[in-house]
Amino acid sequence: MCGVRGSTPAPGPEFVRYGGNTSCVAVARGNELPSLVLDAGTGLQRLSRTMAGQPFRGSILLGHLHWDHTHGLPFFPAGDNPGSRVALYMPAQGDPEDVLARAISPPHFPITPGELRGDWTFHGLDEGVHEIEGFEVLAREIPHKGGRTFGYRVSDGSSSVAYLSDHSPTSLGDGPDGLGEYHEAALALARDVDVLIHDAQYTREEFTVKRDFGHSAIDYAVTFARIAGARRLLLFHHDPPRTDDQLDAIVAGYRTAPVRVAAAAEGMVVEL
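Each residue of the sequence shown is one higher than the last, beginning at 3 in the working numbering.
To be clear, the hints were calculated from the coordinates, so they are not data collected in a lab.
Check each hint, because a few of them may be wrong.
Claimed, not checked - Now the in silico label distances, taken between C-beta atoms and shown as ranges:
1. Thr210 with Asn33: 44 to 50 Å
2. Pro108 with Pro84: 18 to 24 Å
3. Gly85 with His125: 17 to 23 Å
4. Phe215 with Ala254: 22 to 28 Å
5. Ala254 with His125: 39 to 45 Å
Since this is a predicted model, take the numbers as computed values, not measurements.
Note that beta-carbon positions come from the ideal geometry of N, C-alpha and C, so glycine has one too.
Produce the entire structure from the sequences given, and follow the hints as far as they go.
What follows is the structure, given as C-alpha cells:
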C-alpha cells in the first residue's frame with residue numbers, strides 16, 4: 003500500500019500510522035519488484051523507494067482521472083526516468099494522453115504527460131478482461147461522480163484482489179439498507195476474492211449528508227464484502243480528516259463482522 007487516503011493528502015501527526023498520501027497500490031509477484039500499479043495518487047512517490055534505485059518497468063491502471071488519483075505521476079522518480087518503461091491505462095474517453103494533459107500541462111503544471119522521461123505510452127481501456135503485465139485484469143465500470151470510473155479485479159491464476167477505490171452505489175438507488183445498491187458490476191469484481199480493497203470514506207452518520215459526494219459508507223463496504231464472499235476487506239480511501247485513532251475505533255467496531263476487516267495503511271504488505 004503506497005497511498006490510502008481519499009480526496010486530498012492529509013499531513014500531520016494524527017495521520018502517521020495509516021498515512022496521508024492519496025490512492026496508490028503496487029502489485030508484485032513474490033520477491034520481484036512491482037510491475038503493476040493501481041492508481042497514481044501522491045502515494046506513488048513511495049514506490050520509488052521500493053524500486054531500490056531501479057527504473058519502473060510496468061503498467062499503471064487509473065481507476066479514474068480525479069486529482070487524488072493522478073497527482074503522483076510527475077513526482078515518481080522511478081517512472082520519470084530515462085530507463086523507465088511505463089504503460090498507463092485509463093477508462094477509455096477520448097485520446098488518453100490529451101485527456102490526462104487537461105490536468106498535467108501549462109498553465110496548471112510545467113510539463114505535459116508526454117514530456118515525462120522514459121518510454122511512456124498512454125492507453126484507453128474498455129470494460130472486459132485484459133492481460134496486463136502477466137496478470138488477468140477484469141475492468142468494470144462502477145458509479146462515481148465526475149467521470150468514467152473503473153473498478154478492477156487482478157488475478158495471477160491462484161489468488162485475486164478487487165480494487166474499488168471510489169464507488170458511489172447510491173447512484174443506482176438506495177438499496178436494501180439505504181446505503182446503495184449491491185449491483186452486478188461491483189459484485190463481478192469482488193465475488194470470492196482473497197482481498198477486497200473498497201471505498202470506505204464515510205461513516206453512516208456522515209453519509210446522511212454526504213451521500214451525493216460520490217463515495218461509499220463504511221457499513222456498505224462491510225456488507226458488500228460479505229455478500230460478495232470476499233475473504234478479507236481493506237477499508238480504503240479514508241476521509242482526509244479521519245485520524246489514526248478514529249480508524250482504530252472503526253476497525254474495532256467490526257471485530258465480530260462475518261468478514262475480516264482492516265483499514266488499509268501506507269506501507270502495509272498483503273501476501274497472497
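* Which numbered hints fail -> Failing hints: none at all.
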